[in-house]
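Engineer: Top line first, the protein sequences correspond to chains A and B. Sequential numbering from 1 applies to the first sequence in the working numbering. Sequential numbering from 1 applies to the second sequence in the working numbering.
Certain hints may be false.
[As the list claims (entries may be wrong)] No more than 20 Å apart at the CA atoms, straight line, and that leaves these computed lysine to aspartate or glutamate pairs for EDC-like:
| hint | chain 1 | residue 1 | chain 2 | residue 2 |
| --- | --- | --- | --- | --- |
| 1 | A | LYS103 | B | ASP57 |
| 2 | A | LYS103 | B | ASP56 |
| 3 | B | LYS78 | B | ASP63 |
| 4 | A | LYS3 | A | GLU31 |
| 5 | A | LYS52 | A | GLU31 |
| 6 | B | LYS68 | B | ASP57 |
| 7 | B | LYS68 | B | ASP56 |
| 8 | A | LYS103 | B | GLU44 |
| 9 | A | LYS103 | B | ASP30 |
| 10 | B | LYS78 | B | ASP57 |
| 11 | B | LYS78 | B | ASP56 |
| 12 | A | LYS3 | B | GLU44 |
Hints were generated in silico from the structure; no laboratory data involved.
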Amino acid sequence: DAKTTQPPSMDCAEGRAANLPCNHSTISGNEYVYWYRQIHSQGPQYIIHGLKNNETNEMASLIITEDRKSSTLILPHATLRDTAVYYCIVRARANAGGTSYGKLTFGQGTILTVHP
Amino acid sequence: DAGVIQSPRHEVTEMGQEVTLRCKPISGHDYLFWYRQTMMRGLELLIYFNNNVPIDDSGMPEDRFSAKMPNASFSTLKIQPSEPRDSAVYFCASSRQGRGNTIYFGEGSWLTVV
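Input sequences plus hints: build the corresponding full structure.
Structural biologist: See the structure below:
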């Protein structure tokens, strides 16, 4: 799986948008970009994923550049409860039959601190 | 729907004792994963199963670790004998083929070996 690069930490004011960048310059055509987060003492939580188009759900938006070498996770109105470690992961598409399932390989992530 | 359920949530045991961690995946999911998280190494994939069959156990640290999945709704991760360096949070996760393959994690089992 392609490696990702994220800033180790970021701050954001409550109520403002949090924009978390991720570089994945070696991503290949069959690899997705996934975002998870881990709030202290909890299991990782799925946020969103995409292949090449921008994606939005109730939690966040994912903007993927046209060349797919980088992406940005946007939390539109950050709250104190969004303080967590955010992981950007590049994951291969699963192979039918499960013999080559896309592994979810976690890096160090970005520690996002939302302050009042 | 109930999420991935793990037990025990916390365990403290003495070095040399056997430890068994348990996991119930989300109903209908056909993939099950065991991860370990430590400060030094972060989140590591230990092993995963598809339809109860182990597919990749290359992350299992050594022979003291073993994992089984006797049926679609239950899996165990066993450490025998346990050592202090096994102290970590162990996460179980599951997913379903074809549903975006999103992997959902349990809340983890916090293991301390003294």
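Engineer: The structure should be examined with respect to each hint, and the outcome stated for every one.
Structural biologist: Structure-based check of all given hints:
no., hint, result
1, A:LYS103 <-> B:ASP57, "12 Å, holds"
2, A:LYS103 <-> B:ASP56, "10 Å, holds"
3, B:LYS78 <-> B:ASP63, "10 Å, holds"
4, A:LYS3 <-> A:GLU31, "11 Å, holds"
5, A:LYS52 <-> A:GLU31, "10 Å, holds"
6, B:LYS68 <-> B:ASP57, "11 Å, holds"
7, B:LYS68 <-> B:ASP56, "13 Å, holds"
8, A:LYS103 <-> B:GLU44, "11 Å, holds"
9, A:LYS103 <-> B:ASP30, "15 Å, holds"
10, B:LYS78 <-> B:ASP57, "14 Å, holds"
11, B:LYS78 <-> B:ASP56, "17 Å, holds"
12, A:LYS3 <-> B:GLU44, "15 Å, holds"
Violated hints: none; the structure is consistent with every hint.
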